[in-house]
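**Student:** Between the sequences and the hints, there should be enough to build the whole structure, so can you do that?
In numbering that gives the first Met the number 0, the protein residues as written are 0 to 41.
Since the hints were derived computationally from the structure, they do not count as laboratory data. Computed from a predicted structure; not experimentally measured. Do not take every clue at face value.
[To be verified] Now the in silico label distances, taken between C-beta atoms and shown as ranges:
| hint | residue 1 | residue 2 | range |
| --- | --- | --- | --- |
| 1 | Gly30 | Glu3 | 39 to 49 Å |
| 2 | Ile9 | Pro32 | 17 to 27 Å |
| 3 | Lys41 | Leu7 | 35 to 45 Å |
| 4 | Pro28 | Thr5 | 32 to 42 Å |
| 5 | Pro28 | Leu7 | 30 to 40 Å |
Think of the CB as a built atom: it goes at the ideal place given N, C-alpha and C, for glycine as much as any other residue.
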Amino acid sequence: MPPEETLLLIDGHAAAYRAFYAIRDLTAPDGTPTNAIFGFVK
Numbered sequence: 000m001p002p003e004e005t006l007l008l009i010d011g012h013a014a015a016y017r018a019f020y021a022i023r024d025l026t027a028p029d030g031t032p033t034n035a036i037f038g039f040v041k
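**Tutor:** Given below as C-alpha cells:
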C-alpha cells in the first residue's frame, strides 16, 4: 500500500481580502495598492 499523501489547501482569496482591508493603505511608487500582497505574504 502506498503511503498517504497530505494536501494543504489555502483559501488565498479570503486571506488577501482580509489583508487588503485590515492593513493601512500601502502603495507602490506607481500608485498600485499593495497592502493585500503585503498582508498575504506576512
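**Student:** Return the numbers of the hints above that this structure violates; sort them in rising order.
**Tutor:** 3
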